[in-house]
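Participant: Chains as they are written, first to last, in this note's numbering: chain A, 450 to 550; chain B, 61 to 252; chain C, 10 to 637.
Since the hints were made in silico from the structure, they are not lab data. As the structure is a prediction and not an experimental result, all values here were calculated from the model. Any given hint could turn out to be false.
Unchecked claim - Estimated spans, in silico, between C-beta atoms of each pair: (1) A/504 <-> B/66: 12 to 22 angstroms; (2) B/161 <-> A/545: 27 to 37 angstroms; (3) C/586 <-> B/150: 33 to 43 angstroms.
Heads up, the beta-carbon is just placed ideally off N, CA and C, and yes, glycines get one too.
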Amino acid sequence: MAITLTHYLVLASVLFVIGLIGVMRRKNLLMLFFATEILLNATNIAFAAISHYIGDLSGQMFAFFIIAIAASEVAIGLGLLIVWYKRTGKIDLDQMNSMRG
Amino acid sequence: MFEAIAFYLFAALTIVMFTITVMTSQALYALTAMAAGMIFISAFFFLLGADFLGVIQIIVYTGAVMALYAFGMMFFDTTRNVVEKGTNPQIVFVLGVLAAVMVVTIFVAPIVSNNIQALYPIQENIGNSQAVGMVLFTKYLVPFELAAVMLLVAMIGGIVLAGKKMDKSLTLMKEEEIGGLDEGFEPEAGGH
Amino acid sequence: MELYLYIALFAPLVGSLYSSLFARSPKSQQVGIIASGLLFTSFVSSTILLTYVMGGHTVHTEMMTWIATGDLYIPFGFVVDQVSVVMMMVVTIVSTVVHVYSIGYMDHDKGFNRFFAWLSAFVFSMMVLVMSDNFAGLFIGWEGVGLCSWGLIGFWYHKESATWAANEAFIMNRIADLGMLIGIFLVYWNVGSLQYDVVFSEIGNLQPVIITWIGIFLFIGAMGKSAQFPLHTWLADAMEGPTPVSALIHAATMVTAGVYLVVRANPIYDLIPNVGIFIASLGAFVALFAASMALVNRDMKRIIAYSTLSQLGYMFVAAGLGAYWVALFHLMAHAFFKALLFLGAGNVMHAMHDELDPFKMGGLRKVMKGTFVMMTLASVALAGIYPFAGFFSKDLILEVGFVEHHYVIYTVLLLTAGLTAFYSFRLVALIFHGEERYKLFGIHPHEAYKFMLVAMSPLLVLAIIAGSFKMTYFQLVMNLLPATQYHVHDHTTFWIMTIGTQLFVIAAILFAYKKYSNWSSVPDGSSAMEKSFFYKLLWNQYYIPKMYEEIFAKPYAELSRIAWKQIDLKIVDATVDAIANGIYKTGENTRDIQNGNLSTMLRWMVVGLVVLSILAVAFTVGYNVVGA
Numbered sequence: 450m451a452i453t454l455t456h457y458l459v460l461a462s463v464l465f466v467i468g469l470i471g472v473m474r475r476k477n478l479l480m481l482f483f484a485t486e487i488l489l490n491a492t493n494i495a496f497a498a499i500s501h502y503i504g505d506l507s508g509q510m511f512a513f514f515i516i517a518i519a520a521s522e523v524a525i526g527l528g529l530l531i532v533w534y535k536r537t538g539k540i541d542l543d544q545m546n547s548m549r550g
Numbered sequence: 061m062f063e064a065i066a067f068y069l070f071a072a073l074t075i076v077m078f079t080i081t082v083m084t085s086q087a088l089y090a091l092t093a094m095a096a097g098m099i100f101i102s103a104f105f106f107l108l109g110a111d112f113l114g115v116i117q118i119i120v121y122t123g124a125v126m127a128l129y130a131f132g133m134m135f136f137d138t139t140r141n142v143v144e145k146g147t148n149p150q151i152v153f154v155l156g157v158l159a160a161v162m163v164v165t166i167f168v169a170p171i172v173s174n175n176i177q178a179l180y181p182i183q184e185n186i187g188n189s190q191a192v193g194m195v196l197f198t199k200y201l202v203p204f205e206l207a208a209v210m211l212l213v214a215m216i217g218g219i220v221l222a223g224k225k226m227d228k229s230l231t232l233m234k235e236e237e238i239g240g241l242d243e244g245f246e247p248e249a250g251g252h
Numbered sequence: 010m011e012l013y014l015y016i017a018l019f020a021p022l023v024g025s026l027y028s029s030l031f032a033r034s035p036k037s038q039q040v041g042i043i044a045s046g047l048l049f050t051s052f053v054s055s056t057i058l059l060t061y062v063m064g065g066h067t068v069h070t071e072m073m074t075w076i077a078t079g080d081l082y083i084p085f086g087f088v089v090d091q092v093s094v095v096m097m098m099v100v101t102i103v104s105t106v107v108h109v110y111s112i113g114y115m116d117h118d119k120g121f122n123r124f125f126a127w128l129s130a131f132v133f134s135m136m137v138l139v140m141s142d143n144f145a146g147l148f149i150g151w152e153g154v155g156l157c158s159w160g161l162i163g164f165w166y167h168k169e170s171a172t173w174a175a176n177e178a179f180i181m182n183r184i185a186d187l188g189m190l191i192g193i194f195l196v197y198w199n200v201g202s203l204q205y206d207v208v209f210s211e212i213g214n215l216q217p218v219i220i221t222w223i224g225i226f227l228f229i230g231a232m233g234k235s236a237q238f239p240l241h242t243w244l245a246d247a248m249e250g251p252t253p254v255s256a257l258i259h260a261a262t263m264v265t266a267g268v269y270l271v272v273r274a275n276p277i278y279d280l281i282p283n284v285g286i287f288i289a290s291l292g293a294f295v296a297l298f299a300a301s302m303a304l305v306n307r308d309m310k311r312i313i314a315y316s317t318l319s320q321l322g323y324m325f326v327a328a329g330l331g332a333y334w335v336a337l338f339h340l341m342a343h344a345f346f347k348a349l350l351f352l353g354a355g356n357v358m359h360a361m362h363d364e365l366d367p368f369k370m371g372g373l374r375k376v377m378k379g380t381f382v383m384m385t386l387a388s389v390a391l392a393g394i395y396p397f398a399g400f401f402s403k404d405l406i407l408e409v410g411f412v413e414h415h416y417v418i419y420t421v422l423l424l425t426a427g428l429t430a431f432y433s434f435r436l437v438a439l440i441f442h443g444e445e446r447y448k449l450f451g452i453h454p455h456e457a458y459k460f461m462l463v464a465m466s467p468l469l470v471l472a473i474i475a476g477s478f479k480m481t482y483f484q485l486v487m488n489l490l491p492a493t494q495y496h497v498h499d500h501t502t503f504w505i506m507t508i509g510t511q512l513f514v515i516a517a518i519l520f521a522y523k524k525y526s527n528w529s530s531v532p533d534g535s536s537a538m539e540k541s542f543f544y545k546l547l548w549n550q551y552y553i554p555k556m557y558e559e560i561f562a563k564p565y566a567e568l569s570r571i572a573w574k575q576i577d578l579k580i581v582d583a584t585v586d587a588i589a590n591g592i593y594k595t596g597e598n599t600r601d602i603q604n605g606n607l608s609t610m611l612r613w614m615v616v617g618l619v620v621l622s623i624l625a626v627a628f629t630v631g632y633n634v635v636g637a
């Protein structure tokens with residue numbers, strides 16, 4: 450039973466949806482960041498798999514850049530998080546409602 | 061056969077780890093499960109012959125990102141349960157299932173593979189790292205440099221944002237002065 | 010010569026702009042003097058042009074292009090020919106006199122400077138009207154004089170009646186202007202040009218029906234400006250304005266613009282004698298109609314206004330019967346003696362502290378000798394006694410009617426001549442003769458400033474001698490207008506007619522004197538005459554203003570109220586409000602989406618993702634199904 454591209458794509462989809470669920474149900478900002486990492490990794494799997502099965506390095510390149518972006522995001526995101534925590538003492542999403550219309 | 065076993069094993073492990081990450085109420089559990097999941101994902105990269113990517117995955121995610129998160133969590137109170145109120149599980153469930161169904165449907169649908177041509181085909185006679193290097197430093201040089209600048213900016217940004225009071229050395233200050241620094245904002249967590 | 014043309018045209022404009030600089034500042038004498046001086050300059054230039062034109066030349070100049078799109082080409086062109094130079098002379102003479110007179114008349118008025126700005130602007134518009142070489146320029150001047158007339162009738166805008174009269178005049182003129190505009194459009198549509206020379210040389214090639222329509226529509230415009238029935242009511246109400254305005258605009262110049270239009274467009278009206286007959290009949294009717302209303306009126310200025318209306322009727326009779334030069338001649342003569350009459354009335358008004366009822370005056374001859382002489386002579390001229398101006402111009406119109414075999418018109422005009430003499434001298438007798446009834450009202454009359462009387466004297470001279478210019482004038486205009494001499498060939502008939510008319514008029518004058526020169530009491534509506542049906546009919550101006558009120562004004566007001574209450578409030582406003590409310594409520598209800606909660610936003614984002622992916626799948630499936 451050979452593992453095909455479809456297997457990988459389904460796996461990536463499942464992981465992606467797990468990430469989505471995390472995005473939806475997490476209220477703690479730190480946990481929300483974890484969920485976004487899951488989303489990024491799910492796409493990475495899909496990219497790598499497609500790269501492999503099509504025989505094209507572009508997919509790996511994209512995965513590579515996604516990793517770079519994820520790293521930057523974590524650095525900036527955590528910095529902002531710390532600033533916010535220092536200012537309010539909370540990292541709860543429900544209390545960040547200064548944009549209320 | 062070996063490939064199949066490995067795929068299913070790691071798939072199951074990854075899904076379990078990420079589910080824990082998403083569902084647990086303990087921040088430390090989530091962090092640990094996530095780190096484990098990242099390492100399991102690198103296994104897929106090795107399986108797919110993307111050795112370089114797998115190594116990068118381990119180094120960057122498990123080494124750098126997770127360490128960053130670990131440091132970041134030191135600022136917050138991680139011992140308590142993460143309380144998330146007001147979430148409606150039904151909506152989350154329904155949306156999650158729907159999204160899953162749709163994404164899977166899209167991916168499972170037959171791809172018109174004839175139309176896809178490899179722009180940078182994988183050459184058989186050289187190793188993955190070498191191939192990646194050749195493509196990265198020729199066709200993707202400009203994005204690569206941009207990514208480098210972006211990382212630099214992110215680093216500086218992270219330092220500036222997180223280290224607002226770095227001009228004051230905590231080691232050289234007296235106890236009272238350090239206490240005075242925190243005046244005006246009292247973290248909910250309270251005790252250090 | 011073009012230089013003089015431009016001086017004559019633009020000097021009044023300069024005067025107007027200069028005066029308007031001071032419009033908001035307190036009265037300063039120099040404004041009036043400078044405006045009058047510029048008007049005099051214009052008069053001198055016009056005189057130079059007159060001598061030039063009398064030498065057999067004309068001046069035609071194109072100042073600049075005004076409208077040039079596609080086939081439409083309308084320049085700012087001006088022409089000084091035999092007809093327009095006569096009008097220019099009339100306008101500049103009367104307006105110069107009126108300007109100088111106004112310096113005295115408006116002496117105590119707060120709006121002194123503003124008055125001169127409007128008055129000079131009026132003269133400029135009038136000059137554009139008469140000098141333009143095309144219908145478009147004529148229309149601009151036409152509208153300009155309408156605007157200035159509005160501003161001057163409503164000059165004392167704090168008075169409700171003045172603003173009402175101003176608006177009435179303006180609106181009535183707009184109604185007529187629509188007709189005129191249609192006429193101009195028809196001309197352009199069928200001829201392809203608005204230049205007089207082009208239009209008049211090609212008008213003969215058109216179908217008679219179209220020419221008839223053009224003539225009718227242009228005449229509707231003339232009817233409004235010259236206050237012919239049924240658009241006549243505004244002229245009497247226009248007497249709300251200052252008296253010099255009445256003299257200049259509502260007697261001498263603007264109201265004669267309609268006559269000028271018909272005279273100017275004589276090649277058109279020559280081709281449609283039926284319309285001409287209609288114009289003449291209407292003119293004769295208005296002459297009698299207006300004169301009858303003047304018989305009983307007790308407002309000095311309104312009496313003169315009705316007299317103007319009546320004389321305009323005479324002019325239209327002449328123009329309608331093809332005697333264009335006679336119409337223009339009467340226009341000129343009438344301008345002089347009617348302006349004089351009005352200015353005299355202004356003096357009386359000043360003396361009587363704005364009292365207008367001649368029954369409250371009487372015996373003013375003793376205190377106002379100059380005015381008395383002038384008004385009497387002007388009335389004599391108006392009545393048409395030999396050798397005054399009115400005799401030559403008005404009797405000529407009677408002769409035209411007779412020679413052209415329109416005996417009904419002739420009879421009507423003859424009767425009107427008698428009425429004219431009667432009401433003119435009724436007025437003179439009531440104002441200047443008899444007992445000094447004004448003493449009952451505690452008024453101490455005084456003569457006007459001397460320079461005002463001096464300013465009026467040129468008009469007096471012209472009112473007396475204008476008739477002697479007849480042959481010179483005829484030689485001049487016959488270059489442009491049909492040169493038909495109207496002579497009753499049978500000498501016996503001629504002398505019977507002339508002497509008979511004179512005797513009839515003199516009899517009417519004597520009757521007026523006999524009846525009114527010894528009047529002693531102010532009528533209070535109790536006498537038998539005042540209770541008679543005819544008196545009431547005439548007193549109420551044939552109930553026409555009331556009829557207009559009932560037929561047009563009230564239903565229109567009612568319609569407006571319905572449009573406001575039913576349509577505007579309940580449909581238009583309601584629709585707008587409903588839209589606004591809908592948007593407002595949508596905003597109120599959907600503002601919860603913007604609750605600032607990032608978690609909710611993230612959830613919406615996922616919803617969006619799901620919806621988009623569903624759509625993608627659905628379309629792909631649908632495409633494949635249809636494609637297969």
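Participant: Tell me, in ascending order, the numbers of any earlier hints that this structure violates.
Facilitator: none
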